[in-house]
Every structure is written in C-alpha cells, then in structure tokens.
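Each chain is listed here by its residues.
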Amino acid sequence: MSHARTRLDRHSWKQNQEAVFSDSDFVWEQIVPLVPEVAREGSRPEWTVEIVRNKASGRLTLRYAIGGVVRIYGKAYFDSSTAAETHKCLTHLWLKGFGRGSNLEVPQPLGIIPDANLVLMRSAEGTSLDKRAASGTIEAALSDSRLAARWLLQYQSADLPKLRAESPCEKLEILKISDAIAKVAAECPEHSSLLIDMIHDLRSVAPKSNAWPPVVPMHGQFRPAHVFIDGARATVIDIEKLCLSDPAKDVARYCHVLLKTCLEERGDAERYGRIAREFVAEYRAHAASNLENLPYFRALLALKGFAKLLKNRKVEEIQRQWMCQAYRAEFERLVQLGQVSSLAA
Amino acid sequence: MAESSISDSAKVKQTLALKAEELIAPEFIESRICPLLEPGAGASASDCDARIIQNTGTGRLTLRYVFDPGNVVFAKLYDDELGTHCHEVNRELWRRGFNKSGRYRVPQPLGFLADHNLFLMRAVPGTPLGAAFDGDSSIDLVSGSREAAEWLAALHLSSLSVGTPDTDWDSLKLFRMASRVIKAVAACPEKLDMVRELMALLEQRVTTLAANRFSVFTHGRYHHDHVFLSPDATSVIDLDRCRPSDPAKDAAEFIRVLRLTAFKEGFDMERAELATSAFLTAYLAKVPRAAATLGCYWATFVFHSLLGGLKKSRNKGSKSWDQLEEFYIHEMKRALDFGR
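As you go down the protein sequences, you meet chains Y and X in turn.
If you're matching positions, the first sequence starts at 8 in my numbering and goes up one per residue.
If you're matching positions, the second sequence starts at 35 in my numbering and goes up one per residue.
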C-alpha cells in the first residue's frame, strides 16, 4: 500500500543519487564552486566521497574530502522543499548569531544544489558530546552539558521566520507512539496489558489543557551525538526539518538519548544521570517555565524505548531484560514526577 | 489491566446498586422526592413505582419514579463529581431557554441531593429518535435527524460555558485509541498493516487541527437515543459530559452512531443517507464553522469503532464482521474526504 510505495520510491531515489554524488563531473561542476578555497586553486586535487548515513528515511548524509584537507558534508533529501528549507534555516542561523566566533554555532552553510536536493556545509569542529560523555573527567562532561543547554536556550529564542508550528495533537505524539506500540503488540501480544497500563499512566501526565508553553524552534534531533564541543565552543549539527513546538521536547530527547546510550554501552549510570541532570538544571535556571511538560515527553520517550526493546531480538537476552527494566523504572519515575507536578500546579 | 477494569466496573456497579436500595424506599420518596414536586400534583410515595433502569458500571445509575403516567421523575446517582456538574448544566440550560417555553429543551431539573450525589429531573416528552430503527412508524428518521440538528445548533450557539474546556486529544479520545490499537492488533496481528495504514491517514488529518480553534458548549454524548421527539418539542437528555469543545465532536458522533446503527440493523441505507444529509445540511447552515473539523472527528470516531469491533471480530445485528469491517473502512475514508 502507500507505505510500501513510498519506501520503494525512496530506495530508488537513493540508488540514483548515490551514483550522481560519486560522479566526477558532478563534483567538479557542482560541489567545488561552492567551496571557495578549492575553487580558487583551479587545480583538480584528489577527492573522495563517503555515505556516512543512509537510513530508511528520505535523506542521505555524505562526506566529501577534497585535497586531503577540506572536509565538507552534504545532506541530500528526497523532498526538494526540505532541502530548500534546511538550507534557508541553516543560513539564517549562521547569519543571526550562530556563526563563527559566537561559541554557540551551527555548521557553516556552503550552498545548495537544487537539482540534487543537496545542501552543503562545513564539518563541525571538535568532538561529539556522546564521546565526551563516555570518557574524560566528570567535571568536563558536566561543563559540556551546560554548554549544550545554553546552545539550546539560544536556539529556542532565535527568530526563524515562517516555521510551521506543530498542532497540539502533533506535539503530543500520541499517534506516533500508537503506531510504534502497535507493531510491538502485534508481535508480542503477551505484553499488551502492560502496554495499555503504561498508556494510561502516560495519559495521567499529559497536559491538562490546551494552554501550552509558547512554542519555540524545535531541533527535533537534539542529542549528544549532534553536539560538538571544541573548547568553549559548541556546534550543533543536523539542523533540518525544523518546526515550532513545545520547548521541553528537545530537552527530553537529549536526556533520553543519554539514558539510551548509557544502557546500550553499559555505561556508568550514575555518571550519565549526573550529565542529564546538569543539562536540565542549567536549562531550568534560565527558562523553568518551558519545562512544564518535560515529565510527559521524557515518559513518552522512555515508553517508546521500552516498547521497542520488547520485540528486539538483536540484543543479548540478559541485557535486553535489564534494559527493559531500566526503561520501565525510568518511565514509572517520570510518571510519578509528572503526577506530583500536576498536583502541585 | 483489562481484568482490573472489569472488576473495578463490577465493584462500582455493586456499590451504586446498594446505595440505590435506599433511594427507592417509600420513606425516601416521601421525605426527599415528593417535596420537590408541585404541591398540587398529589404525588404520594405509596402510588410510586420506583426502580433502577440502568446501571452498567460506568459510575452512573439511573432511577425512575412513576407517580402516574403524567408525573414521571428520573434520577441519576453518581459516584463522582459529574452529578453536581450535570445539575449545574441542566439548570443553566433550562434557565436560558431550553425549557417549556421553547421547542428545544432539556429535562426540567428538580433538584440535587448533595448528601446522596443524586440529581433529579422530570421525564422529557416524546419518543427517542432511535425508535425509528425499532420499526416505530411514528418516528421518521429523516425529519427527526433534522430536528436533532436544530437542537444541537441551538446548544452550540448558546453562550453557556460550564466546565473545563476539552483538550484536542481528549475530544478525539486519542489515548483511548492507543489502548484500543494495542488490544486490536494483539488480538488480530494479521490486521496490523490495515490498522497502521488507517492510522497514518488519520494522523495526516489530525495534525492539521489548528490550536485555539472555534469552541462551543458541547453535549459530549450526542446520540439518537438521547434525542426525544414530540409534536411540540425536541428534548435531549444525558448532559453529563457537556463541556466547551470543538462543535464537530457532537455532529460527528451523531452521524457515526446513526449510520452504524442503521447498517448493523439492516435498516434502509438510502434512508440513513437522507437522514445524514438532512442532519448535516440543517446543522451546518447554523454552525458552518464546524465543517472544517467535522471530517477529522468523524473519521477518528469511526476508527475507534473499528478498533473496538476488531478485538472480537464478532457479527453484529444482521451483519457479519467482514461486512462491518468493510463498512468501517468505507465510512472512515468517506469521513476523511468530507470538507475537502
């Protein structure tokens, strides 16, 4: 049906584009003119291209290395309007406070190749926060997390024109989680009672009225792996498909991915917990009222993580069970927190 | 959870039934109900036939007191705060013209006994619109549906606002839908793709619902069985769930239940189509702004019904489950096309 057709369309698009992006003429005629230091040279140095991300969604991430020193990233989109929108937002942010030297940065946009739905940008400098969170001193990791919170706060106060606002039901993501859980319930019906109980609990911490905190630009994939730290500078990548939404959603995503990474990598739970708490504390110190719905969104992500694990057969059974318990405990903690907050309000 | 819900429901039912025993005793009727009736009515507990007429475990129990055929009182016993809410809504609507002086009415409120959480009201005149499905020739489904539309428009155009405004996700019952999806696909995993496809279609529509939309005072359970028709009046009962919300919620619920009942009972579907059209034409002429979201609410409510039925996949009325499933899908797609 339509899901399958879209998947096929995207698959075929990716196959075509991979060939286009590896073509010498394309590189010299379309890419190089957008990279001033290479274009100025006039020579044709060696280049390589690598597909660094190619998931089921309608996008590809490429890395070009030109002349051994210049490294640029390309993001190609199945949908032409997403490419144009991404380029516009990235350029706007770069020019309005997130440019070089601001310390809270986005990758420098180099241009867009409209015929290929391809946006080009420089690579972010530094090391991603997921790597820094896993090793090094805890003080450094906490400092990184505070910097990430400040980046998010500044980003959420940016004035990005003509961004679409998520509707109330869209913000809540209840249909999205229903879809994710449906797949689990069909495969593992023995867990359906538990999942229904969890949906009831989730509802108990859902917003109680149509009055939401004011919407802000949402990154949508604000996770430690997308935050690059270089000294006192934070650069956040993956600026695409932006919209306006509840500010707590990006905060929830960041905390959730820290937990997920910790569980998957069998990391130090105490350390990851502190890093997440530091992030929330720094954020809360500047914009506490933005976090009204944080327990709901964190519980939503914990439920999603838990449900996906129920049918996961790739993880070793003992670890899978242990991770399920951890997600469930986190979910229950957040529900309790949300219920207490509701009562207090 | 399903098991605990069943036992909770049985417990609630039993508790209310126990409380109701006192409420049908002659001493209670004499001391608490008769004083609420007109002094000249000559109502006496000894002549009263009092009985429980509904107790389905929802936390509400309905009692009927028949003093004589022209003097019938209904009472609703609650186990929560809905009793005071319903009394307030009923009293306000009655005061604002939904009374004997007008065509569009609610039951006349007689009083609220706070110590028992019991709301008392007079019976409304007429026959329920739903009698058309039982072969009652005095009720015409088409003209009755038009009357139902007029009553609903009168409610939606009133300036009354009692209770907490509905959230979008509650008015669409999205959390309940999530639970139903789980139950449905756990029982029928082979239907997963179908459920997901329909849910994706629904999501496209639901996500277009704007924030801060037009809101009115809604009924919340607007079914044909709650609409009573008589030559002089159209009256609507069951005001428990009245609250400010999207007007499309009531209109969508009405047409969903009407059409599904007609289909299940093997009623003439051309007649049901005419009734749908009469209802929508009359209602949208008065509340045109509801058209923008009607398709979304209609499709969502049909999807709820489909999920509810899928779990058991049982035949209903004169229809097999396969026929019902096909009907639901057709109705849902039709609803999604509404207003486009």
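Keep in mind that a hint or two might mislead.
Unchecked claim - Covered stretches of chain X (in silico footprint by chain Y; criterion: 3 or more residues with CB under 8 Å from a CB of chain Y, positions within the stretch not fixed):
#1 41 to 50
#2 315 to 322
What the hints assert, rightly or not - Within a straight-line C-alpha distance of at most 20 Å, the following computed EDC-like cross-link-like pairs (lysine to aspartate or glutamate) qualify:
#3 Y:Lys311 - X:Asp259
#4 X:Lys345 - Y:Glu180
#5 Y:Lys95 - Y:Asp166
#6 Y:Lys95 - Y:Asp122
#7 X:Lys207 - Y:Glu194
Stated by the list, open to error - One-sided and incomplete, this derived list gives chain Y residues near chain X with beta-carbon spacing under 8 Å:
#8 Ser130
#9 Gly133
#10 Arg210
The hints are simulated quantities; they were obtained by calculation from the structure and are not laboratory data.
Beta carbons are placed, not taken as given, at the ideal position from N, Cα and C, and that holds for glycine.
Here is how each hint holds up against the structure:
Check result for the segment 41 to 50 of chain X against chain Y: violated, 0 residues qualifying (beta carbon to beta carbon below 8 Å, three or more required). Interface restraint, the segment 315 to 322 of chain X with chain Y: violated (0 residues with C-beta to C-beta distance below 8 Å; minimum three). A hinted pair counts as satisfied when its Cα atoms are at most 20 Å apart, and Lys311 (chain Y) with Asp259 (chain X) does not qualify at roughly 40 Å. At most 20 Å may separate the alpha-carbon atoms for a hinted pair to count; Lys345 (chain X) and Glu180 (chain Y) exceed this at roughly 24 Å.
Pair hint Lys95 (chain Y) plus Asp166 (chain Y) holds up; C-alpha atoms about 13 Å apart against a cutoff of 20 Å. With a CA separation close to 16 Å, the supplied pair Lys95 (chain Y) and Asp122 (chain Y) stays within the 20 Å bound. For the given pair, Lys207 (chain X) sits about 25 Å from Glu194 (chain Y) by alpha-carbon distance, which is inconsistent with the 20 Å threshold. About 34 Å separates the beta-carbon of Ser130 (chain Y) from the nearest beta-carbon of chain X, more than 8 Å, and the hint is not met.
Interface restraint check for Gly133 (chain Y): the shortest CB-CB distance to chain X comes to about 36 Å, outside 8 Å, so the restraint is violated. Using the Cβ-Cβ criterion of 8 Å, the hint placing Arg210 (chain Y) at the interface with chain X is satisfied: the shortest such distance is roughly 4 Å.
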